[in-house]
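Number of protein chains: 2
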Amino acid sequence: MREINYVKTVEKWGVFEVAIPGYSDKNPFTDYTIRGRFYSKNEDKCVDGFYDGDGIYKVRFMPSFEESYTFDIEGSFSEEKYHGFFDVTPPEKNNHGPVRVANTYHFAYEDGTPYYPLGTTCYVWSLQPEELQELTLKTLADSAFNKIRFCIFPKHYDYNFNEPISYPYAGTPCDNSGLLKENYIEYMGCAPGNNWDYMRFNPEHFQRFEKRVNDLMDMGIEADIIVMHPYDRWGFSMMDKEADDLYWNYVIARLSAYRNVWWSLANEYDLMAHKQLEDWERYAEIICKKDAYNHLRSIHNCRSFYDYSKPWITHCSIQRQDTYKTAEYTDEWRIRYKKPVVLDEIAYEGNIQHGWGNISGQEMVRRFWEAACRGGYGGHGETFMDPENILWWSHGGKLHGESPKRFKFLSGILKETPGLGLAPMNAKWDEVAARADGSPFGDGGYYLYYYGFNRPSFREYYFDDLHTYEAEVIDTWNMTITKAGQYKGKFQVELPGREYMAVRIRQAD
Amino acid sequence: MREINYVKTVEKWGVFEVAIPGYSDKNPFTDYTIRGRFYSKNEDKCVDGFYDGDGIYKVRFMPSFEESYTFDIEGSFSEEKYHGFFDVTPPEKNNHGPVRVANTYHFAYEDGTPYYPLGTTCYVWSLQPEELQELTLKTLADSAFNKIRFCIFPKHYDYNFNEPISYPYAGTPCDNSGLLKENYIEYMGCAPGNNWDYMRFNPEHFQRFEKRVNDLMDMGIEADIIVMHPYDRWGFSMMDKEADDLYWNYVIARLSAYRNVWWSLANEYDLMAHKQLEDWERYAEIICKKDAYNHLRSIHNCRSFYDYSKPWITHCSIQRQDTYKTAEYTDEWRIRYKKPVVLDEIAYEGNIQHGWGNISGQEMVRRFWEAACRGGYGGHGETFMDPENILWWSHGGKLHGESPKRFKFLSGILKETPGLGLAPMNAKWDEVAARADGSPFGDGGYYLYYYGFNRPSFREYYFDDLHTYEAEVIDTWNMTITKAGQYKGKFQVELPGREYMAVRIRQAD
Chain L
624 MREINYVKTV EKWGVFEVAI PGYSDKNPFT DYTIRGRFYS KNEDKCVDGF YDGDGIYKVR
684 FMPSFEESYT FDIEGSFSEE KYHGFFDVTP PEKNNHGPVR VANTYHFAYE DGTPYYPLGT
744 TCYVWSLQPE ELQELTLKTL ADSAFNKIRF CIFPKHYDYN FNEPISYPYA GTPCDNSGLL
804 KENYIEYMGC APGNNWDYMR FNPEHFQRFE KRVNDLMDMG IEADIIVMHP YDRWGFSMMD
864 KEADDLYWNY VIARLSAYRN VWWSLANEYD LMAHKQLEDW ERYAEIICKK DAYNHLRSIH
924 NCRSFYDYSK PWITHCSIQR QDTYKTAEYT DEWRIRYKKP VVLDEIAYEG NIQHGWGNIS
984 GQEMVRRFWE AACRGGYGGH GETFMDPENI LWWSHGGKLH GESPKRFKFL SGILKETPGL
1044 GLAPMNAKWD EVAARADGSP FGDGGYYLYY YGFNRPSFRE YYFDDLHTYE AEVIDTWNMT
1104 ITKAGQYKGK FQVELPGREY MAVRIRQAD
Chain E
624 MREINYVKTV EKWGVFEVAI PGYSDKNPFT DYTIRGRFYS KNEDKCVDGF YDGDGIYKVR
684 FMPSFEESYT FDIEGSFSEE KYHGFFDVTP PEKNNHGPVR VANTYHFAYE DGTPYYPLGT
744 TCYVWSLQPE ELQELTLKTL ADSAFNKIRF CIFPKHYDYN FNEPISYPYA GTPCDNSGLL
804 KENYIEYMGC APGNNWDYMR FNPEHFQRFE KRVNDLMDMG IEADIIVMHP YDRWGFSMMD
864 KEADDLYWNY VIARLSAYRN VWWSLANEYD LMAHKQLEDW ERYAEIICKK DAYNHLRSIH
924 NCRSFYDYSK PWITHCSIQR QDTYKTAEYT DEWRIRYKKP VVLDEIAYEG NIQHGWGNIS
984 GQEMVRRFWE AACRGGYGGH GETFMDPENI LWWSHGGKLH GESPKRFKFL SGILKETPGL
1044 GLAPMNAKWD EVAARADGSP FGDGGYYLYY YGFNRPSFRE YYFDDLHTYE AEVIDTWNMT
1104 ITKAGQYKGK FQVELPGREY MAVRIRQAD
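In order, the protein sequence lines correspond to chains L and E. Letter by letter, the first sequence follows residues 624 to 1132 in my numbering. Letter by letter, the second sequence follows residues 624 to 1132 in my numbering.
Everything labelled a hint here was simulated from the structure, so no lab data went into it. Keep in mind that a hint or two might mislead.
As the list makes no split between identical chains, a pair holds if one copy fits it or if it spans any two.
Below are the DSSO-like pairs computed for lysine-lysine, each with C-alpha atoms no more than 27 angstroms apart in a straight line [said to hold, decoys possible]: (1) Lys948 x Lys1051; (2) Lys1051 x Lys761; (3) Lys948 x Lys961; (4) Lys913 x Lys834; (5) Lys864 x Lys761; (6) Lys912 x Lys1038; (7) Lys635 x Lys961.
Remember, predicted model here, so these are calculated numbers, not experimental data.
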């Protein structure tokens, strides 16, 4: 037994890492094991470690209590066993812990701070050249986004024909030149020429990836990690069960200790012809068993939803199923699944040829408000034609659209909701109305009405004859909030007869 | 037998009228009958006449052949019988005969000229002051509208609290002042104070009405006559069976001979609490029996469709059932009902407080194009706040919106369709595509693609490798048509990445 006494401390919900040399003969990814037990007054967790290359094995742990921890590391990776201690300090300013489902339909960080998802998608931003990755982080820092969906595996798809900066496995890729854009835009499989050892990971690929997860964590942005996806020329979407399970275990061992991790089992799972329902359920089992921190879990569809009522799914991660009605179904999905509804794909702002990637900023923002007032959350993406083929939706970079700055405004409004979020409210057929949900005072005397593409010049409201209500007119596009008077009984609020207006009414006494 | 030899001739599909004095004692509307038989080499029709006040009875007839006609008039209205002759001349320039269903989904005038409905709604324009009626006709003359929906009975509803210029029955109306706007906006029934004799019509009311039907006929505009409706303070919506049937017979006797008449049994039939399905079916029976010319027949809904598959219904007269998806269902309704789909109400351009009356011009035009490219027809209405409470949708007057001039452009495009209209075509999920329908050459080598709120920067097309295809980019909002090249095989058309674009492709060889 070797004792390791770490002088350094770690903040609560931070990543505590133990790195130890071990055997590097044979295949360290499959032939040796490493496992850690971390325990304190209030918790006691066992987690797998992983081989990180160059003879180094690592075990990571995220402590949830501010107290002294003890750990034991053991496994076949070494003849030695390791033992040590460390202290956990209070969380730093922007560290609120992992995001949890707080009350059926809404989220909160583990410290109780409400979390209103405002997500975007940059599928393979972390596989682009370093400068572009840095630019993406800068753009994110200036935005309201607090969640980003991205992939571990590289992506082959329209506008995505370049090579990634690294590959997840040891081996060599196929020659891209054989896959002409015209015929292979939606190629999904393993093109001739690939030569991968699915039993040997490329640690550098994962080191890069988790550096970005860490960067996001420091910025307070949730990393909604897409573990599998179908847009593939390298064969990573059609590995066998043994390779898949090895991959899942490796990913969980490496990434679980980052508090900002969400597991998205797949993007468009239903396009992955080589995977069956039983495969997805098996991956979910692996996560539930091996992720010691119970990170959020979901799976994203193309045509048909996964059954979000499955117990392992923590929230709906939805791609809209209808071209015209998207966020309008949010309240129905809440009822159907009794879980938070996150509309991770409701088409992207842009002008590319594909119908999923060319809606206007107005329509994008409308969908977000529609989702919010129906008690759910929109998801952003951006696909503008670019001379260098850098599209935010896949590559990150800069944002060009008109919607992102309106999300800052929406985010401000959401943060003023009493309680944990908005719930749809019975409303007239021609409005969407929400009340505060989960407030200790019922609806919190807080109501939002949204008129979308309708342009009423005035609307009437009536709550009761006893209380005073304060009205504000919100222009969701021009980002203004205008006081509109205090009222008792039945009252009327004047509106400008423009699209995208909302009315907020708060009980004032 | 008295012989009447009319020197005057009548054009084919014109109105031939015989006016004869008769008894005016007792109740001429119920106690006396008048009936005419009109016959020629090619037709032989019997039609009811009607009492027109001041001791005069009339019988009207619309001849369908250019030949000599004989007629016999008889009934209890007089001890005399009448006999006469007249000649039918060719139709004048703008007279194409009544509109018929031409090929399941589309219309044509009786002379074979295609008819593409471009309708508007002005519920009670013909009951407004004369100057306003004249203004409405002037506005219509400057527009692309070729159909207008309007009511025989006056209307009580929001923005419609004034008295009409005349009433359909002898008697006196209730005092309007008792019906405050706030509480009676949707009043439907018979308010206290009404005193009507439902057995005695007011001929002046019908004379005014049919003068306007005649004006529209001269302008080439179809009169889609709403015979019943629920927005009522006078009790006309809750008359008994005897009164209803008398009314239907009177209306048919007066109006059938106008070639531009369409029968709309009701507006929002399902809001008429005093009428049952059997009533509607009985009215339909009366029309089918008494309208000798087989005018188009339909019925308009509020919440639930009437069963448009009923044999007496010639076309669907639809109010959209969903706030968000409206014209998008056109192709489904075609399949369901196998009849022309006319979307008589898909919300109105405007800014009033009601959700059915405050969409933008862009959204209105988008719905028309969406309907057109799915093989149906949109319907217009306009509801802008007005200091004098003159809203086109009810009162007529001037148009203020941005959509009407875009209908002229759409009308021009529709008139270039080979055959009788457009049929929806199998298309990618993110486009609406139509081909010419009913052309002698199949699809006529004529294709329209519409992108609505999507903003593609380019799209790809492929028909075959043999023929040359000519492409045009149509900006449906800015009303431009731009040549976009001739192609063989697979080809790409550049688009400006704006909303509301269409592409027309025609086979050039």
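Non-conforming hints, listed in increasing numerical order = 2, 5, 6, 7
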